[in-house]
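Enquirer: Take the sequences, apply the hints, and build the full model.
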Amino acid sequence: MTSSRRHLLGGAAALAAAWVSGARAAEVDLNLPGGGGVRPLITDYPQKGAMILQRTRPPLLETPFEVFDEGTFTPNNRFYVRWHWAVIPTEVDVNAFRLEVKGHVNAPLSLTLRELYNLPRVELAAVNQCSGNSRGLFQPRVPGAQWGNGAMGNAKWVGVRLRDVLDRAGVRAGATVVRFGALDQPVVQEGPDFMKSLALDHARDGEVMIAYLMNGEPMTLNHGFPIRLIVPGWFSTYWVKALNSIEVLDGPDENYWMKTAYRIPDTPGANVRPGQTGFGTVPINHMVPRSFVTNLRDGAGLPMGAPAPLRGIAFGGSTGVRAVDVSTDGGASWQPATLGPDEGKYGFRRWEAGFTPTARGEARIMVRCTNNDGLAQPAEPNWNGGGYMRNGIETTSVRIG
Amino acid sequence: MSFQNFCYGIVAVAGISLALFGKSPPAPPAPYPPTPEALRFAAAEAAYPFHNASIELPAGDRQFQGPGAEVANANCLSCHSAGMVLNQPPLSRAVWEEEVRKMRTAYHAPVAEADVEPIAKYLASLPRP
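So the sequence lines, in the order shown, correspond to chains A and B.
For the first sequence, position 244 matches number 244 in our numbering, and the numbering has no gaps at all.
To convert, count from 1 in the second sequence and add 1000; that's our numbering.
There could be a bad hint or two in this list.
[As the list claims (entries may be wrong)] So the derived label-pair ranges between C-beta atoms look like this:
| hint | chain 1 | residue 1 | chain 2 | residue 2 | range |
| --- | --- | --- | --- | --- | --- |
| 1 | A | N95 | B | Q1065 | 40 to 48 Å |
| 2 | B | A1038 | A | N95 | 19 to 27 Å |
| 3 | A | D93 | B | P1036 | 52 to 60 Å |
| 4 | A | D373 | B | A1074 | 48 to 56 Å |
| 5 | B | P1090 | A | K102 | 40 to 48 Å |
| 6 | B | A1074 | A | E254 | 31 to 39 Å |
| 7 | A | Y256 | B | Q1065 | 26 to 34 Å |
Source of the hints: derived by calculation from the structure; they are not laboratory data.
Since the model is a prediction, treat every value here as computed from it, not as a measurement.
Built from N, CA and C at the ideal position, the CB exists for glycine as well.
Expert: Following this line, the structure appears as structure tokens:
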């Protein structure tokens, strides 16, 4: 099964009906290969709209896929939510909060939010995608959060440059790595605190940002209030939420979340065969291109001869979208899609393509993004044991009748 | 809001922020009309994104069910709710044992050695869709 569309079994109307009648709440089937993809669609999570419940504590909430059809930017209350440890900051006193900048610096800082806010302000659109987005679609299946394709979203982020903060503290000669810590904490004392790090040059590239606005609104606690890191073009594991510590190191970061977790094979596309051994691993890093049809779901029916325009989203990963191509015959022929407005190279790009079905039966609609580095989505889905970085060409099968 | 209230608002905001910064006490009301700086300052204050926040998150009360569930309920619900475990794809008993050992070594889950195999056995026995 190559399909990755989901069937919405309930929908908002059914959900409302279920609520009134006291019947079972709505469910979503993520259509995971081999089954087991049915999840509750919940509407009572604090500060969220309807979300797919993957795990209650700590929350793993997935964006229902139809949200991506609604626009280039993902509304904050529909944006996916993901935490590692269950001791999540549920209360923040903004006057007591400090962002510590320490380690291999000339002048350690303890910044108030007011001081941070007074630094030059920058804005950027960027896709935030979980390293394990689409893990549930891996074949063979692998353990981990069993996401469909909704552990991603696109937002406008406003904040300050990480570089400006580092320069205020003055990075000392010999520094190589910057490590980020946050308000969340392990449930058991000896558990590995969630921390991530970036090479110093990356941290100082002027694009990595400490954000306090998301789509024009203050960050909510679900998304990392008061401040979170934005690492454009890189997977979300680096976008540390509720950031409260920046530590400059003069050697590699040996902490669990860099050294052991979130590692991918050092092979092209992080692709290996199940059971393959003898390859090295590296920390997951920049994203790769992806694209999706958003206005049709798998199994939909379309009438013969009637125009059925296709539309969707694409993103280039670490650079912008050069082209989106669409096939309506299972990959035998491809036509270029028309790209929507460019809202920034790290964001979603909308696309459209004409389609008028001319033959009865199944039509396999495929979409392929090529980014500005010339990197295109692979025809065969990539596989690795961690369930990371999936980006094969997606197929949506529809019935023409 | 009347113009007068609006101007008092600006003065009040200026006063509060002076107090926050621990400088001199609030100045007497400014003469009308407010200066452009005062207006800019008030606008910036209105956009200030940091205000005390709190949220109450659900804990999740789902339990493991069926024969052998006690050992999973006793060991596997403290760090994450049951959904983390029950939403996994079908895994062999050996892979479940690896998972439980990973919880011990990587995350310091206080699982007794004697409980590792019974947990793996229970999880591998669960009916899968």
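Enquirer: Work down the list of hints and note, for each, if the structure agrees.
Expert: Results of checking the hints against the structure:
| no. | hint | result |
| --- | --- | --- |
| 1 | A:N95 - B:Q1065: 40 to 48 Å | 47 Å, holds |
| 2 | B:A1038 - A:N95: 19 to 27 Å | 23 Å, holds |
| 3 | A:D93 - B:P1036: 52 to 60 Å | 33 Å, violated |
| 4 | A:D373 - B:A1074: 48 to 56 Å | 51 Å, holds |
| 5 | B:P1090 - A:K102: 40 to 48 Å | 46 Å, holds |
| 6 | B:A1074 - A:E254: 31 to 39 Å | 33 Å, holds |
| 7 | A:Y256 - B:Q1065: 26 to 34 Å | 32 Å, holds |
Hint compliance for this structure: hint 3 alone is broken.
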